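First residue of the sequence shown? That's 1 in UniProt numbering, and the numbers climb one at a time after it.
Please note that a few of the clues may not be correct.
[Unchecked claim] Restricting the straight-line Cα-Cα distance to at most 25 angstroms, the calculated cross-link-like pairs of lysine-lysine (DSS-like) are:
id : residue 1 : residue 2
1  : K123      : K89
2  : K89       : K105
3  : K154      : K123
4  : K72       : K89
5  : K105      : K123
6  : K242      : K13
7  : K154      : K72
[As the list claims (entries may be wrong)] Have a look at the derived ranges for each label pair, beta carbon to beta carbon:
id : residue 1 : residue 2 : range
8  : K154      : G115      : 34 to 44 angstroms
9  : Q124      : D16       : 34 to 44 angstroms
10 : K154      : K89       : 39 to 49 angstroms
11 : E109      : E141      : 34 to 44 angstroms
12 : K154      : T129      : 32 to 42 angstroms
13 : I91       : G148      : 19 to 29 angstroms
14 : K154      : T110      : 19 to 29 angstroms
15 : D41       : G148      : 41 to 51 angstroms
16 : D41       : P112      : 16 to 26 angstroms
It is worth saying that the hints were derived from the structure and are not from the lab. Every value quoted in this text rests on a predicted model; they were computed, and no experiment measured them. Where is the CB? At the ideal position from N, CA and C, for every residue including glycine.
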Amino acid sequence: MKRTIIDCMTFRKSVDSQNLSKINEPYVAAEFDTAISISEDGTATFNITSSVVDRQQDIIVPEGIQIGGFLKTPVVLWNHEADRPPIGKCIELTRINDGLLGTVKFEDETTPYIGPLAACVRKQLSNGTLSAVSLTIRPLEFDLNEFGGVTVTKSELLEFSVVTVPANQTALVIERPKEKAIGDNTVSKSMEEKEDDIEKDIDDDIEGMKEEERFINAVEEIITDEKDVQSEDEELMEKTLKRQKARARRLAIARLGA
1 MKRTIIDCMT FRKSVDSQNL SKINEPYVAA EFDTAISISE DGTATFNITS SVVDRQQDII
61 VPEGIQIGGF LKTPVVLWNH EADRPPIGKC IELTRINDGL LGTVKFEDET TPYIGPLAAC
121 VRKQLSNGTL SAVSLTIRPL EFDLNEFGGV TVTKSELLEF SVVTVPANQT ALVIERPKEK
181 AIGDNTVSKS MEEKEDDIEK DIDDDIEGMK EEERFINAVE EIITDEKDVQ SEDEELMEKT
241 LKRQKARARR LAIARLGA
């Protein structure tokens, strides 16, 4: 019998109404925008769950997730599309404080049918276009929580997928491939960020040129003012000399007449 996969919100409504009769085994897809790291060998590591309250007010307790069955067939899907071959395999699943850490090896690009999709997903994870994962569980024990959602205290992990839109806030990318390093500081920027940096540098240069121009203009004004003062002083001195000469002439004429 085909399993019915529902989201946490639908599951919560079913719990609220106590209407689980139409669902033989409720399978819930819980999404996480968790931290991931993409290594140079093409593998990716995801923090696939945590106990934080997601955007739908639901909590899946990591300590209560049973992983034994999953480890027998540790498939990683694209958007929970179980009718497609897996895009990768979980080669390591580790329990960490308040979460599960899963390392995925993606199918090679040359793999028939699914290879190109797996390579595309891996590339988009690497450049940040994709950054979310989602796990499918079978709830075993659960309660309504104080936030208006459901707290799943015990569950079975069936699979996890790389998805486009997350519901939980604990999962962006831990670390992506290094682009270049300056000392101990790693720099990894998107093309848009680089363009923004270039524009900012240009703006800073223009502003610097404006400041320099304002300084030069101020210096030129000071020099002009000094020249004006000097010109005024020379003009005043010339007038004073003329007056002194005129006075000397008048005194000389007066003495001759006497």
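So, going through the hints one by one against the coordinates:
{"no.": "1", "hint": "K123 / K89", "in the structure": "holds (16 angstroms)"}
{"no.": "2", "hint": "K89 / K105", "in the structure": "holds (5 angstroms)"}
{"no.": "3", "hint": "K154 / K123", "in the structure": "violated (34 angstroms)"}
{"no.": "4", "hint": "K72 / K89", "in the structure": "holds (11 angstroms)"}
{"no.": "5", "hint": "K105 / K123", "in the structure": "holds (13 angstroms)"}
{"no.": "6", "hint": "K242 / K13", "in the structure": "violated (108 angstroms)"}
{"no.": "7", "hint": "K154 / K72", "in the structure": "holds (19 angstroms)"}
{"no.": "8", "hint": "K154 / G115: 34 to 44 angstroms", "in the structure": "holds (37 angstroms)"}
{"no.": "9", "hint": "Q124 / D16: 34 to 44 angstroms", "in the structure": "holds (37 angstroms)"}
{"no.": "10", "hint": "K154 / K89: 39 to 49 angstroms", "in the structure": "violated (26 angstroms)"}
{"no.": "11", "hint": "E109 / E141: 34 to 44 angstroms", "in the structure": "holds (42 angstroms)"}
{"no.": "12", "hint": "K154 / T129: 32 to 42 angstroms", "in the structure": "holds (35 angstroms)"}
{"no.": "13", "hint": "I91 / G148: 19 to 29 angstroms", "in the structure": "violated (38 angstroms)"}
{"no.": "14", "hint": "K154 / T110: 19 to 29 angstroms", "in the structure": "violated (41 angstroms)"}
{"no.": "15", "hint": "D41 / G148: 41 to 51 angstroms", "in the structure": "holds (43 angstroms)"}
{"no.": "16", "hint": "D41 / P112: 16 to 26 angstroms", "in the structure": "holds (22 angstroms)"}
Comparing the model with each earlier hint shows violations of hints 3, 6, 10, 13, 14; every other hint is respected.
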